[in-house]
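**Student:** One letter stands for each residue in the lines below.
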Amino acid sequence: MNAPLKQHLIDPEICIRCGTCEETCPIDAVTHNDDNYVVDAEICNYCMDCISPCPTGSIDNWRIVATAYSLDEQFEWEELPEQEELANDAVGAASLEALEDEIDALLAKAHEGTGGKAVVPASASKPSVNLFRRDHPAVATLQGNFRLTKDNVENDVRHIILDFGDTVFPVLEGQSIAITPPGTDKDGKPHDSRLYSIASPRDGERPNTNNIALTVKREPDGLCSNYLCDLKKGDQVQVTGPFGSTFLMPSDPLANIIMICTGTGSAPFRGFTERRRRAMPDAPGQMLLFFGARQPDELPYFGPLSKVPDELLTKHLVYSRLPDQPKEYVQDRMRVCSAEVSRLLQDERTHIYICGLKGMETGVDEALADICRADELDWANLKPALRTTGRYHVETY
Amino acid sequence: MIDAMTVNYDTMIPNNVGLSEDRRVLKALERWHPGYIDWWKSMGPDGFQDAMVYLRTAVGVDPKGWAKFDYVKMPEYRWGILLAPQEEGRTIPFGEHYGEPAWQEIPGEYRAMMRRLVVIQGDTEPASVEQQRHLGRTAPSLYDMRNLFQVNVEEGRHFWAMVYLLQKYFGSDGREEANELLRRRSGDSDAPRMLGAFNEETSDWLSFFMFTFFTDRDGKMQLESLAQSGFDPLSRTCRFMLTEEAHHMFVGESGIGRVIQRTCEAMKAAGIEDPNDIAKVRALGVIDLPTLQKKANLHYSLSLDLFGSEVSTNAANAFNAGVKGRYHETKIDDDHRLLNDTYPVLKHVDGEFKLVDEPALAALNMRLRDDYVTDCAKGIKRWNKIIEKAGVDFALALPHAAFHRQIGEFANISVTPSGIILSESEWNASRGEWLPSGDDGDFVQSLMVPATGAGEYAGWIAPPKMGIDNQPGDFEYVQIAA
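Line by line, the protein sequences are chains A and B. Just so we're aligned: 58 in my numbering is position 58 of the first sequence, and the numbers increase by one with no gaps anywhere. Just so we're aligned: 9 in my numbering is position 9 of the second sequence, and the numbers increase by one with no gaps anywhere.
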């Protein structure tokens, strides 16, 4: 069976036939008839050169298809077809989270815990995906590299700021970027790319700066993490992405957001929180954070987090290695807060996000099941209902 | 606030023409710049010079990084000088120099002709900013206000582009012309702008959308023909300008589309089936479709006049010289010299309209106008789709090319939109059926109430299907200064 194709399409309802895309395309993949401008699936190589110059935004549309829509079909369209339902075995892991299969596979693995096809929240902003690829990466400059964990602990987690200068690299909170460590492996092949969640909001570390932040843990023998953690100010880094089209925050100010994380899994939630603080500080929707670490000195962003006002974010910082204290994990604290969690689970505006190590999934899942059971809710039914409405998201590594 | 004395022009003016190594031109632009800023402040968008506007700034010509979106105060916009990349070995694609290497400097014999073309193009850029300067106060949404200002600053950038060519390639004459461009004013009785259509104030948003659809489209066609020029810097300048011009087309086409959408929705909701029941439709606070037709008739006919006489020696000379080509010249399959070809020109002969074969070289204005009409017709087709989809029984149409013309073959005859020739008095008696009347203007004006809340839209226009730069519906595109 042929692998499914990610087909680049132009929305004929929004396009004004200005021809900019056809002019821009370096390999003549765009053509037109009297009615529509269309992309030839046999030629398009996803270089994305046409995306930014389009004055209407009609250019940035994608469908996963078993067989590509032909030029003749596209010429006849008055509107874009819906994403067709493909049999699961036909689609496999293919998604529009990334156009590069290598990255798509990484994200599919990270989203496995969602329990099915990940669905974007209804009110999320439209993401740009894969504007930069391995053969045409963006070059960012390291602007800052700060240790987040205290010096007295072994765990070295860093806040790394990458500046894009004049390069346009639009991101949304919850998206990731990929970094390929320089050099080659023992077989002389380039290293695999590593994915990192973006820890800053869409408009940069400070409003209207053209940079992104990452939360990176130095892994013993970790090729890419050591490369990143050792970077000095002014060093240049090759970046691809942005990636991810489902693990995004709702824009609806009424949406409640429950965020559950450990360690560097906090990165996207730093972006979520800061986004809401900047864009809608008086949003009526609640934000709830369950954040686990061994001890405060190892909890990334402990200082800044303690300054975030409780009206914006209800914080549950949970520690598993405090001296003279019983171990507490995020799922334990969720159970303590079961009344509130249960109330939120019954609100159709609530979105749940889980991010961190794979190991946390089971515990959190069981806690949610227990909380539901106590209130005569059925987690086994609720979870897929949340997922298919874009309100349940898991990204674990 | 920009201090004109201490501006670092090297970083101030994003450019890919090596400005910092070109002392003479850099100096000329430095001298010109304060006058430009004065002009922008006195003739640019009235009342919004301190507002933070979410604008696209062209910063390079690489498709990936060509534009940046950010909040900026308009007087601090970075008006750059950007030319499409030079094509290795480009040759002149038409005229008597067909196939020769493109010129990097202007041949002496074509200097005057070229200067006139650049000056006319350059004159329209500030003119439209002047025409539109009061519109910000009645914007139907922050989204539309932002689009207006985007169009304005980009017309400003196109002004810079033309001034750069004048300063760089036309010596002291060019310098003088650049200053004259700052002196003329739209609608000024002493020093008006050069073309008639650019001396009328754009009085309301419907006119603005019609202007960007019909009149800016003439600009697009002119740029397309200049983009073919044998004078390579002019060609490269115009090619890059077209990337921005596309946004202006978008504002016009989607703007009218949204007006139509809103009108049709309101009619359906109120159960009005007859689109010609103008009083009932207007009572809903939306613009009736017959009035839209009249506005289209007006702006279309004024824009056709901008193409000049159908048969023109000037056009023939400019083509022959390799200075101004045809729309999509390089995609046309012929000898690109046209010495022995003919082209059918619509004329008024013995009381009827006939296609008369004229020498193709002389008929180039006609040909460009035909390309323009085809382009307009596609937009009309899209608008009609919206009406059809809403289930309203009405169709917009382009009027006959001879309707309401002041220039060319049909300047002296009175013709209805369907192409029937009338006496002048008959025509005048029915004028109000085809062109907007004072009452129509008053009605449209009465709807021009600003909507300045984020995500808020005036009642006569539908929100767009998509935000600018993928922004959400309630994005604050303009932060109006307190």
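Calculated directly from the structure, the hints in this document are not laboratory data. Be aware that a few hints might be false.
Here are the simulated PhoX-like cross-link-like pairs (lysine-lysine), alpha carbons at most 20 Å apart as the crow flies [as the list claims (entries may be wrong)]:
{"no.": "1", "chain 1": "A", "residue 1": "Lys109", "chain 2": "A", "residue 2": "Lys358"}
{"no.": "2", "chain 1": "B", "residue 1": "Lys385", "chain 2": "B", "residue 2": "Lys331"}
{"no.": "3", "chain 1": "B", "residue 1": "Lys389", "chain 2": "B", "residue 2": "Lys378"}
{"no.": "4", "chain 1": "A", "residue 1": "Lys126", "chain 2": "B", "residue 2": "Lys64"}
{"no.": "5", "chain 1": "B", "residue 1": "Lys465", "chain 2": "A", "residue 2": "Lys126"}
{"no.": "6", "chain 1": "B", "residue 1": "Lys268", "chain 2": "B", "residue 2": "Lys378"}
**Student:** Take the C-alpha atoms of Lys126/A and Lys64/B, compute the straight-line distance between them, and say whether it is at most 20 Å.
**Tutor:** holds, 18 Å
**Student:** Could you grab the alpha-carbon distance between Lys268/B and Lys378/B and see if it respects the 20 Å cut-off?
**Tutor:** violated, 25 Å
**Student:** Measure nothing beyond the straight line between the CA atoms of Lys389/B and Lys378/B; if it is 20 Å or shorter, mark the hint as holding.
**Tutor:** Distance ~17 Å between Lys389/B and Lys378/B Cα, so the pair holds.
**Student:** CA of Lys109/A to CA of Lys358/A, is that 20 Å or under?
**Tutor:** Roughly 10 Å separates the two Cα atoms, so the pair holds.
**Student:** Given the hinted pair Lys465/B and Lys126/A, is their alpha-carbon gap at most 20 Å?
**Tutor:** Since the Cα atoms of Lys465/B and Lys126/A sit roughly 12 Å apart, the hinted pair holds (cutoff 20 Å).
**Student:** Holds or violated: Lys385/B and Lys331/B, Cα atoms, limit 20 Å.
**Tutor:** violated, 30 Å
Violated hints for the displayed structure, listed by number in ascending order: 2 and 6.
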